[in-house]
Structure formats: structure tokens, C-alpha cells
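> Sequence:
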Amino acid sequence: MQLTQYTDYSIRTLLYAAAHPDRLVNITEIANYYSISRTHLAKVVAGLTQAGYLQGIRGKNGGLRLSRAPALINLGQLIEVLEPLDIVECFGKHNTCAITVSCQLKRVLYEAKVAFIQTLKRYTLADIQLPTPLPVEVEHPLVFYAHKTP
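With the working numbering applied, the sequence shown covers 1 to 150.
Rather than coming from a laboratory, the hints here were simulated on the basis of the structure. Bear in mind the structure is a predicted one, so any value in this text is a computation, not a measurement. Heads up, a few of these hints could be off.
Straight-line alpha carbon distances no greater than 16 Å define the calculated EDC-like cross-link-like pairs of lysine to aspartate or glutamate that follow [unchecked claim]: (1) K113 <-> E83; (2) K113 <-> D86; (3) K43 <-> D8; (4) K43 <-> E83; (5) K106 <-> D86; (6) K121 <-> E83; (7) K93 <-> E83; (8) K113 <-> E80; (9) K121 <-> E80.
All chains, please: the whole structure from these sequences, using the hints.
Here is the structure:
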């Protein structure tokens with residue numbers, strides 16, 4: 001299974017916020033910490049806020065924080081919200097595969113997808129939480145997506 005960069009950044013953002021429970025964090029510091037695009041991270045934060053994982057506080061001293069305790073953020077549920085997990089075309093809404101009716105691969109891949117999600121559902125953000133306080137310098141502690149192949 002390959003998770004998207006969006007999901008990778010989402011998990012990193014939640015981990016960063018969880019590592020700073022005593023204060024608000026902001027997009028710029030998260031982007032700088034992980035050396036990722038601030039613009040892309042802003043989209044990630046908007047999605048996490050809309051999905052109820054982050055709470056945004058407006059104003060001069062505003063920022064972000066987790067909307068619930070790390071132990072209440074289930075990784076399997078998070079991935080289900082963030083990832084379409086359409087492993088093959090026939091999992092998607094616009095399936096045009098000619099062999100869908102007789103193909104047995106879909107059943108096998110669906111079983112693998114369910115096993116993947118069920119494994120993740122055994123863990124919460126607290127189970128993978130980063131040390132507090134975070135080290136000042138870190139070389140990309142977590143990367144959840146594979147490099148794109150042509």
C-alpha cells in the first residue's frame with residue numbers, strides 16, 4: 001500500500017501538534033521543521049481542521065492544536081478519511097475495466113486493503129507519538145509515501 005504525500009504530511013502535522021501539547025503551533029514552524037512546502041501544508045491543515053483532527057485558533061497569538069487527545073486519534077480511521085485507497089481501477093467510481101465481472105483480483109486486493117486498515121485501527125497517534133520536546137534538528141523522522149515511479 002502506498003500512502004499519498006497528503007496523508008504523509010497530515011500524519012506529520014498531527015505528530016508535531018501532539019509533541020507540543022502545551023502551546024499552539026503554526027503552519028510555518030511545521031513546514032520549516034519538516035522542510036516541506038508551506039502552501040501544500042496549508043491545504044493539509046485545512047483538511048485536518050475540516051475533518052475535526054485540528055482546531056484552529058484565530059488572532060495574533062493564534063495557531064493550531066489537536067482537537068482531541070492523541071490516544072483518541074485512531075490511525076486506521078484517519079487513513080480512511082484521508083486516503084481513497086483505490087488500489088486498482090475497479091475500486092474507483094469510474095471503473096471501465098473490461099474484465100471486472102470475471103476478475104478475481106479485486107476480491108484479493110479488497111481483502112488486503114481491509115487487513116491493512118484493520119492493522120492500522122489497532123493503533124492511535126499516541127502509539128507513534130514523537131518525543132516531547134522535539135529535537136531541534138531532525139532529518140525527516142517519518143516518511144510514509146514512496147517515491148513516484150514514472
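> Hint by hint, which ones does the structure fall short of?
The structure conflicts with no hint, since it agrees with every one listed earlier.
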